[in-house]
Each structure stands twice: as structure tokens, then as C-alpha cells.
Amino acid sequence: MSLSLWPTERLARTDRRRNAAPDERARPLALTHAASGGQRLHALDAGAQALGLRCGMSVADARALVPGLLTRPAAPEADRAALKALARWCGRWSPWTAADPREPGRDGVFIEITGCQRLFDGEEKLLGDMAAQFRGLGLTARLAAAPSLGLAWGLARFDPDAARGPLSVGADAAPRRLAALPVEALRLPDDTNERLRALGLMKVDAVMRQPRAALARRFGLALPQRIDQARGGEGEALDPLLPARAFRSESRFIEPLMHLDPIRAAAPALLERLCGQLDRAGRGVRRLRLTLLRVDGRTFDVEAGTAAPSRDAAHLKRILDERLERAEIDLGFGIEKLVLTAPKTAPVADRQGDLERGSGEADADQLADRLVARLGEDGVRRAAARESWIPERASGWAPADRGGYAMRPALDRPLLVMDRPEPVEAVAEVPDGPPRAFIWRRLRHRIARAEGPERIAPEWWRESGCEATRDYFRVETAEGRRFWLYRDGLYYRETEAPRWFVHGAS
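Residue numbering for the sequence shown follows the numbering used here, beginning at 191 and increasing consecutively.
No lab work stands behind these hints: they were computed from the structure.
Among the hints, a few may not be true.
As the list claims (entries may be wrong) - Subject to a maximum C-alpha distance of 27 Å in a straight line, what follows is the list of computed DSS-like cross-link-like pairs (lysine-lysine):
(1) Lys527 with Lys507
(2) Lys534 with Lys507
(3) Lys274 with Lys315
(4) Lys274 with Lys534
As the list claims (entries may be wrong) - Label-pair ranges, simulated between beta-carbon atoms:
(5) Asp451 with Arg488: 17 to 23 Å
(6) Arg387 with Pro350: 17 to 23 Å
(7) Ser578 with Asp381: 39 to 45 Å
(8) Pro266 with Val617: 37 to 43 Å
(9) Thr204 with Leu450: 44 to 50 Å
(10) Thr204 with Asp451: 47 to 53 Å
(11) Ser578 with Asp319: 29 to 35 Å
(12) Trp587 with Arg689: 27 to 33 Å
(13) Asp511 with Leu606: 25 to 31 Å
(14) Pro613 with Phe490: 53 to 59 Å
(15) Ala216 with Arg488: 30 to 36 Å
Glycine included, each C-beta is placed from N, C-alpha and C at the ideal position.
Model the full assembly from the supplied sequences, consistent with the hints where possible.
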């Protein structure tokens, strides 16, 4: 399946969900990226292509041709992630699907439908259902089914019949269809395609008539291999998007359980089995769910999170017990089945033991887990790093069960960092010398030693970031007191009168 307009159509779907202005939806759309010489077009929608624009043009040239062109920054990573999600969604037709991310205009999805046709009353109805579903999603999809993966790829992108509707090619017609395709249908690098065209080899048929050994000598082994794959003579493995492994253990009871005590008693065996599965997979629990099934079919879920990946059955039982005590569960006529799952897991790194070093970090994580289980997720917070180099922005508070204590490498900072810097009057050499003296809270301090500056540039990408460059100095007064001062703004380049602030003390 070919999704020739995938980047722009994905963005259009996102804008519709965000209620973009109707006039913007009607304008031709181009996605741009930074390249040598400035911004260039990365991907185009159907309207922009119809107006003569092409990928690789500069944005300035494109706007000269189409003044009403709407531009947005390209997001290749988001495109690939969304294409992978779309490939998983295609699992409704086959369990074997794979995303095929390429340059704009060549994106697509592989779907192995062998053996699945009978579930839809034939291949024709299966392809028709695919086409209808993608039209409903607002996606331009060209569908082609063929005996080989390589031929299906080429047909979906280059066969004119695929543009008119789903195309199905059997083994008898496959050689003829392959021969009529352009050389680009062989999935070769662009430079190889250019060299073939320079030699007058425009179609696959012309390439296949050449001696195989001569092709290999001149273009490498990739060219004859691609021909063999398209013909079906050489197998090509599909790397499918398999569903994530489910970690699960369950227990069914002969007689319904009417009290929580036997449920708590059954939890250790469930946890031991679940932790055994996690141990073999090298993963730990980040989210634990115990599902209680009543005899009348109703279910109750009890969930608990962990601050760090864990497969310690004893620790998980303690936090599960805390949750069971706080949960309001109507046992009704009894619980006949317990199901324990780990819907969210993470890799666990093995560590070398150390007799001299304690397990303080692990103890802190387990304490946080128990406090969260008892007080709730919003009742416990822990320090967390933030994506900022501005000191007052660099740290904050986050829910205790959403990550460990890992911070970025420590910088040379004072023991006390103020939430808000306080202004001071300072005397300093211009343009960028250290302070010689300053007045803070009506007290004058004469500086004996100073180190710096440590320059922190403004966060231009934030709407409310610091607006000027900061030069930080670590200073020591004649009395031995230490402060952390900074000059706000560069002399002459940003301001004629830089201000000074104290931001910390030791």
C-alpha cells in the first residue's frame, strides 16, 4: 500500500482534531525543513502539487509561485511514529503488517494477506474494504496485491491502474506487469536510477534484458537482487509489528471468595508467577493491575504504580495490599477469578553488588511506592529535573510514581538557590568583568575573590523564557561569605545598563 501524501495528510488530520480555521484547510499545504541555503519544501499536499510546486524548492520560490501557500515545519519522527501506529491498526486485516517509512511520496505499509482472503469472502472484497476504510480516514492510499513484496511495492506506486482503484495481480500477469514498470519500481537508490536512465534503461523490461553479470559489475549486486525479489525468485522477509508481550497470571477458585483476606492470601502466588515472567524478559513492573471478577460478570480493577521498574514480589505485594485496603470493592455474591497483569513495564538493568554501598536509591523508590499506595498519586511528590538551563526552571516537582531520581550531571551550584533572584546594586568592570562590590538588603559587601563568568543564553524557543543573556559569578566577600551573582544582559549588545541579581548563597 502506498501513502503518497502521508506527511501532509497526517498533519491535516491533526489540525482537524485541533479545530484549525476552515480557510487554512482550503489553502495548499507544504511542509518545510532547514537545508543549505535556507528553508526548503519537504512534502506537499495534492493542492500544492497541482499548482506546480515540487519537493526541494526553496520556500521563497514556492511563495513567489503560490502566494497563498500554507507552510508548516516538517516532523519526520512524528510521521514515522504515526505510520507505525497505522500499520498496527491494519492488523484488522492481517496479523502480519509492517510500516515502510521512506522519503515523502514513497511512504507505505506492507500487509501480508496470504490466507486472510477467505475471511473477507475473497481478495477483491478484502481490498475493497481496505480502500473504504482509508477513504474514511481521509488518506490517499493506492493498493496493490501481488505474489511478491517487491512487485506489490512497485505496482502500488507506479502502475496507473492502481490510481483508479485496488489492483490485484496474479502469478500469470505478474511478469508482464513488472516489465512495464519504470526502474524506480525496483526500490534502488536514486543515483542508481539516474545512471540507468542515463544509459537509456527506462523500464524494468529493458534492465532485465541486459546480461546479469554485466549489471552486477556495473551497478553492484543490489540490482539483480531487487529484480529477483520482484519476480518472486528470491524470498524477502517481512519484519511484522507484533503485539507487545502480555505479562499475566490468573487464578480461578472452586468456591467464590466472600472476603478480602483470601484475596490477599492468593496474591503472592500470582505475583511470583508474574515476576518470573518479567525476570525471564529482563523487565520490571511500572504499572500493576489486579482484576477481580465476580460471579455475576462484573469486574473491579485495583491498580498500583512504581517509581522504578520492579520485579520484587514482596514489595509489589505490600503496595497491592495498601491499594486493596483503600479500594471500595463490592464483592457481591463472591469473587470467582483473579487476574494480575502488568500493563506497563520497563527494562531492568542488572547491577553489580557493592558491600560498601547501601541500597538507598532502591529504598527511596520502595518508600515512595508505599506512600503513593496509601496517600494516592497526587499526595506524594518528588524532585525532578526539567528541560531548562535557567536555574530557577531547571528543577521542579513531579508525581512520585513517574520516574526515579536520575538527574542530569551536577553543575557547580551553591547550597541555596533562590526561587526568585533578588536585585542588587553592583560595581563591576565593563563590559563583562566580575563584580567588585555589591549592596544587597541594604548591606554593602566587598568582594575579595570571584570566579566566572558562566554564561547562560536566553531560551529563545520559550514564550516566557529569560529575555537576556546571564553571566553568573561565584564570589567570596572579605568576610568569607559566598554568593552567586549574575549580570542580566550583555553590555551594549543587549542593554546599556545591565542589572545585577543575587541568585544563591553558600
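Hint-by-hint comparison with the structure:
This hinted pair checks out: Lys527 and Lys507 have alpha carbons roughly 18 Å apart, not beyond 27 Å. Straight-line distance between C-alpha atoms of Lys534 and Lys507 comes to about 17 Å, which keeps the hinted pair within the 27 Å bound. Straight-line distance between C-alpha atoms of Lys274 and Lys315 comes to about 25 Å, which keeps the hinted pair within the 27 Å bound. This hinted pair checks out: Lys274 and Lys534 have alpha carbons roughly 19 Å apart, not beyond 27 Å.
Our hint of 17 to 23 Å for Asp451 and Arg488 holds, since their Cβ atoms are close to 21 Å apart. The hinted range of 17 to 23 Å is satisfied by Arg387 and Pro350, whose Cβ atoms lie roughly 19 Å apart. A hinted range of 39 to 45 Å holds for the C-beta pair Ser578 and Asp381, which are about 43 Å apart. For the pair Pro266 and Val617, the supplied restraint of 37 to 43 Å is violated, since their beta-carbon distance comes to about 52 Å.
Checked against the hint of 44 to 50 Å, the C-beta distance between Thr204 and Leu450 comes to roughly 46 Å, which is consistent with it. Separated by about 51 Å at the C-beta atoms, Thr204 and Asp451 satisfy the suggested range of 47 to 53 Å. A hinted range of 29 to 35 Å is violated for the C-beta pair Ser578 and Asp319, which are about 49 Å apart. At roughly 29 Å, the beta-carbon separation of Trp587 and Arg689 lies within the given 27 to 33 Å, and the hint holds.
For the hinted restraint 25 to 31 Å between Asp511 and Leu606, the CB-CB distance of approximately 41 Å leaves it violated. Take Pro613 and Phe490: their Cβ atoms lie about 57 Å apart, and the range 53 to 59 Å holds. Taking 30 to 36 Å as the suggested C-beta distance range, the pair Ala216 and Arg488 does not conform, at roughly 50 Å.
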